[in-house]
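There are 4 protein chains.
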Amino acid sequence: MGKVRLEAFSDGVLAIIITIMVLGLRVPHGEKLSALSPLLPVFLSYVLSFVYIGIYWNNHHHLMYTVKKVGGGILWANLHLLFWLSLFPFATGWMGENHFSPLPTALYGSVLLMAALAWLFLQHSIIVSHGEGSLLAQAIGGDLKGKSSLLFYAAAIPIAFFHPWISQILFVFVALLWLIPDRRIERLVAERRF
Amino acid sequence: MGKVRLEAFSDGVLAIIITIMVLGLRVPHGEKLSALSPLLPVFLSYVLSFVYIGIYWNNHHHLMYTVKKVGGGILWANLHLLFWLSLFPFATGWMGENHFSPLPTALYGSVLLMAALAWLFLQHSIIVSHGEGSLLAQAIGGDLKGKSSLLFYAAAIPIAFFHPWISQILFVFVALLWLIPDRRIERLVAERRF
Amino acid sequence: MGKVRLEAFSDGVLAIIITIMVLGLRVPHGEKLSALSPLLPVFLSYVLSFVYIGIYWNNHHHLMYTVKKVGGGILWANLHLLFWLSLFPFATGWMGENHFSPLPTALYGSVLLMAALAWLFLQHSIIVSHGEGSLLAQAIGGDLKGKSSLLFYAAAIPIAFFHPWISQILFVFVALLWLIPDRRIERLVAERRF
Amino acid sequence: MGKVRLEAFSDGVLAIIITIMVLGLRVPHGEKLSALSPLLPVFLSYVLSFVYIGIYWNNHHHLMYTVKKVGGGILWANLHLLFWLSLFPFATGWMGENHFSPLPTALYGSVLLMAALAWLFLQHSIIVSHGEGSLLAQAIGGDLKGKSSLLFYAAAIPIAFFHPWISQILFVFVALLWLIPDRRIERLVAERRF
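Protein chains in written order, with our numbering: chain W, 1 to 194; chain G, 1001 to 1194; chain X, 2001 to 2194; chain U, 3001 to 3194.
Hints are supplied without guarantee of correctness; some may be wrong.
As the list claims (entries may be wrong) - Dumping the calculated DSSO-like pairs for lysine-lysine here, alpha-carbon to alpha-carbon at most 30 Å:
{"#": "1", "chain 1": "U", "residue 1": "Lys3068", "chain 2": "X", "residue 2": "Lys2068"}
{"#": "2", "chain 1": "X", "residue 1": "Lys2003", "chain 2": "X", "residue 2": "Lys2145"}
{"#": "3", "chain 1": "W", "residue 1": "Lys145", "chain 2": "W", "residue 2": "Lys69"}
{"#": "4", "chain 1": "W", "residue 1": "Lys3", "chain 2": "U", "residue 2": "Lys3003"}
{"#": "5", "chain 1": "U", "residue 1": "Lys3069", "chain 2": "W", "residue 2": "Lys69"}
Derived from the structure by calculation, the hints contain no laboratory data.
Treat the numbers as computed from the prediction; the structure is a model and nothing was measured.
Start from the sequences, fold in the hints, and give me the full structure.
Printed below as a string of structure tokens:
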């Protein structure tokens, strides 16, 4: 019942976040290439964040497939996730405008870390309300990918103050890790003929 | 019939309000911590408003569950509520940029008060069109929580001119009051096996 | 089939238009009442446009109820309507910031006129594709309200250059005319037991 | 199953892109015609982009009709398309503010080209996952229109540096080509009684 609205609202917020980020690419005043070139780091940070929001949308899609009932706990765990994702446009813009310098890179990593924690918390809320024998509980298992992402983000934050480009490489690496779609749920669904 | 579109439109407006508020967090020009720190009050007011819009979305979700038919009265009572909620980004930004000073705090309280009145009016419209014996009429009963919220908001407005921080505490207190999900409808639904 | 996506897309665009208009209320820099007062005309024009977009959403809702099949003609007639409605935030902002002066008032009237023409064109496209005996054709009849609105908007444009406040009164008057929901379709639906 | 959310998310993003572009029409400070006239090229570029996004939405609508199952490949091919479309507000604003000068025109053509390539890639992903005998594979056939659009965009990019107005004519010409709705799918659907 409530699942449809939860998905619709989340889709709405994610669609707005992904599109509003492009407003960070402010239209420059000149018409020369020199007017465009300062926007390159903003553009690159936009691409990275677009991919991350795409990953979250894609995985949210899979996650919600396993949800049978929506209570207050799941609703607020979902809003908590959307809160951290809503900070992407700010963190992306600040990092891009400052050419991936230390503090903005560390802040971007912190937003990624908080969103990843919010994601684990949402997963946890769903498992608690659906039982340990539920589809999701079996599908994620030890959830190596989710937990190792946390470690990479957590590592990228202090590293940003010394070698911010290593942090960027970590952000790209984790994104690539997730671009491989989460076949765990798909596989179990296929096996069980859900 | 029309209920699906009413929910979809309301979800859309609420999703945009909650996401557009973050544009109030304007990307600062420096890359140091000193560039970020003036944004702290804006960020705190954003968190408060995010929670309030989340509460309204959550309760709207419950409220619409009780609606069986949508006429012009409910449509306009709903748009009236969305109007006051659409002023949140403005009131939030003004309060945050002025570090919770008296007049912006009083304005924020006024927007909260008007939204709460619009909410009661929407509830009333639903009860009028569905009858006193309807699910919603029984669920809300005397509606102590809704009416006491009004009192707190109304008190916070004059207090803001003397001790704006007391008003802020009242805003946070009422938000916490509502974070506890409205189990009244859920309970009645469960009892009646709807 | 395609009707659901047409409604969803239109709801999305209308929800964004109605919410984006509030960005015209730019957060002022001072914290005094004197910082707020220049925003009053912007706020009043926002209220007027909010009501107009609400009326269009409400009537769109009724109009789509009569649609059984969606072809290319209806799709583009609908996008044409959304185009003119998308100019509301611009026309509203310009009129509000210039305190309802002649040219901005005339432009606002022109956008209202073009949107009203686009509405009649959408109605016409639906009747053409559904036949003269269709529900909509019977419901609108001579469509006195739609056509008289056109006259009022058309009159308000030249009047704006001499007495812009008369144009404003006309805008408010037509809005009030439409706030009374379009019972013609509702009545016919009830009679026919659709 | 997942198709509904894919459509809803795409509709959301397209609705936001089409509406956010109008923010490029910044409210001018004067109230005279002279304040409005510099906005004319921005307005014209907005009209062109509105039509293009409308075409993409319309065709997306037809394309999704042929989709029976949604896997990771289609999800990401769709997000890839949305990425290039999300650059429309930026490319539109830059082209309009610089009065259709060479480099902005070439950039606009490049965004059109990349979006068209992303569209072909999405079509390809759907055919791969549904088989060569699928509805879509038969409907598009050699896809003369899709492929010739690519050629026109590709030609418009270098031409922009010498005669940008020829590029604009090409953009308008291709838009008109697509305004004629894609009857190929509609015809096949009608024949097969899908």
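Exercise. Out of the numbered hints, which ones does the structure contradict?
Worked result: none
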